[in-house]
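Q: With the hints as your guide, set chain B onto chain A.
Protein chains: 2
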Amino acid sequence: LNRIKASGLKLRFCTNETQATREKFVKKLQGMGFDISVAEVTAPAPAACRILKERSLRPHLLVHNDLVPEFDEIDKANPNCVVIGDAAENFTYANLNEAFRVLIGLEKPVLISLGRGRYYKETDGLKLDVGAYMKALEYACDVQAEVVGKPAKMFFESALAEMGVPPEQAIMIGDDIVNDVGGAQRCGMRALQVRTGKYRSVQTLHP
Amino acid sequence: LNRIKASGLKLRFCTNETQATREKFVKKLQGMGFDISVAEVTAPAPAACRILKERSLRPHLLVHNDLVPEFDEIDKANPNCVVIGDAAENFTYANLNEAFRVLIGLEKPVLISLGRGRYYKETDGLKLDVGAYMKALEYACDVQAEVVGKPAKMFFESALAEMGVPPEQAIMIGDDIVNDVGGAQRCGMRALQVRTGKYRSVQTLHP
Chain A
143 LNRIKASGLK
153 LRFCTNETQA
163 TREKFVKKLQ
173 GMGFDISVAE
183 VTAPAPAACR
193 ILKERSLRPH
203 LLVHNDLVPE
213 FDEIDKANPN
223 CVVIGDAAEN
233 FTYANLNEAF
243 RVLIGLEKPV
253 LISLGRGRYY
263 KETDGLKLDV
273 GAYMKALEYA
283 CDVQAEVVGK
293 PAKMFFESAL
303 AEMGVPPEQA
313 IMIGDDIVND
323 VGGAQRCGMR
333 ALQVRTGKYR
343 SVQTLHP
Chain B
143 LNRIKASGLK
153 LRFCTNETQA
163 TREKFVKKLQ
173 GMGFDISVAE
183 VTAPAPAACR
193 ILKERSLRPH
203 LLVHNDLVPE
213 FDEIDKANPN
223 CVVIGDAAEN
233 FTYANLNEAF
243 RVLIGLEKPV
253 LISLGRGRYY
263 KETDGLKLDV
273 GAYMKALEYA
283 CDVQAEVVGK
293 PAKMFFESAL
303 AEMGVPPEQA
313 IMIGDDIVND
323 VGGAQRCGMR
333 ALQVRTGKYR
343 SVQTLHP
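Line order of the protein sequences matches chains A and B. If you count the first sequence from 1, you need to add 142 to reach our numbering. If you count the second sequence from 1, you need to add 142 to reach our numbering.
By construction, these hints were calculated from the structure, which means they are not laboratory data. Be aware that a few hints might be false.
A pair counts as met if it fits within one copy or between any two copies, since identical chains are not told apart.
Stated by the list, open to error - With a straight-line Cα cutoff of 30 Å, these simulated DSSO-like cross-link-like pairs (lysine-lysine) come out:
1. Lys169 with Lys250
2. Lys250 with Lys263
3. Lys263 with Lys295
4. Lys218 with Lys269
5. Lys269 with Lys152
6. Lys263 with Lys147
Just chain A, same shape as in the assembly (with noise of 0.2 Å):
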């Protein structure tokens, strides 16, 4: 990292962290030495505020309370989409029918996802993602929901618009297959896949 650093090259952290805000995710990692700040890190949610920024708009919020901060400059009076983002807890019978009503109510339903994730383990146990709930609001109100975060095309795309850098021009270091090696080939960039982290030597992408 010191050395792409050092040679001048332009660097982004692409993170699908939806549960907390990027500074508490900088934290962590500046806490571990690496050398990193807010301004170089890609996340699902701000690349959904770009979204909604260039769209013009408004939504009603389904996330978790600690990534709330994110979306303060949003406005989300008289909301025209939904975002849906790991809520947790805030996954309630209410809030789900009120995310629902949100969207049914619009002439063109708009949800914008902040992953597709299926399930994640905690130390309580395994938990339901993003995703699921996601498909739940889909098969509601018929439509498809536009996912934030990799391994979607749009994601990379808006880390590239960040850097001001073409995809044939970037590579994407990762250590997940799917998520970073395989959204960033659909995205035209090249992809190397580090053998650290959730690497197993039996994985590898068919193209």
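A: Using the frame of chain A, we list chain B on its own:
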């Protein structure tokens, strides 16, 4: 209804009600003056019970509290499937995670859904129906739910089996072109649409 009964024809009432027992449903109709008994009603919950018994399935229930008595005689210890109905207030984050954990923990997940409705209207507004939550679990566990209730073929077959009548000797009478008429026809029965209830003249079934 009285003329059908007087003629000696076999008769079943087929309903998609899953927020209450047949007892409650029948009492309501009796109060309106209809000659109807619980034994004449085919509803999703008892149809599911029939399937559970046939296949030695022990369900984890995610249903409305008022529906639980329908499953009184079913062994629910050490569950090897999940039965989902319109659980309403029981669709909590904790309950959904629990049903998900049962399903994902099974070698071959079996999900039985008491309907596939998208949403319905109550006095305090629109509510997500069982179909939306079914889709969430389907996606998270990569399974296809087995849907009981109209218009599922299996549901009409249950009613026919209870009467001991082959489909070609039965006729379905209802007001819903999809759930009543379409479902019965796909099952090999003839069907008659009444011009009452939810009947609208613009609705026709394209074969």
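Q: Hints first: check each against the structure and report whether it holds.
A: Cross-check of the supplied hints:
no., hint, result
1, Lys169 with Lys250, "neither (39 Å within a copy, 42 Å between copies)"
2, Lys250 with Lys263, "between (35 Å within a copy, 20 Å between copies)"
3, Lys263 with Lys295, "within (26 Å within a copy, 37 Å between copies)"
4, Lys218 with Lys269, "both (28 Å within a copy, 23 Å between copies)"
5, Lys269 with Lys152, "neither (36 Å within a copy, 48 Å between copies)"
6, Lys263 with Lys147, "neither (34 Å within a copy, 57 Å between copies)"
Hints 1, 5, 6 from the list above are not met by this structure, while the remaining hints are.
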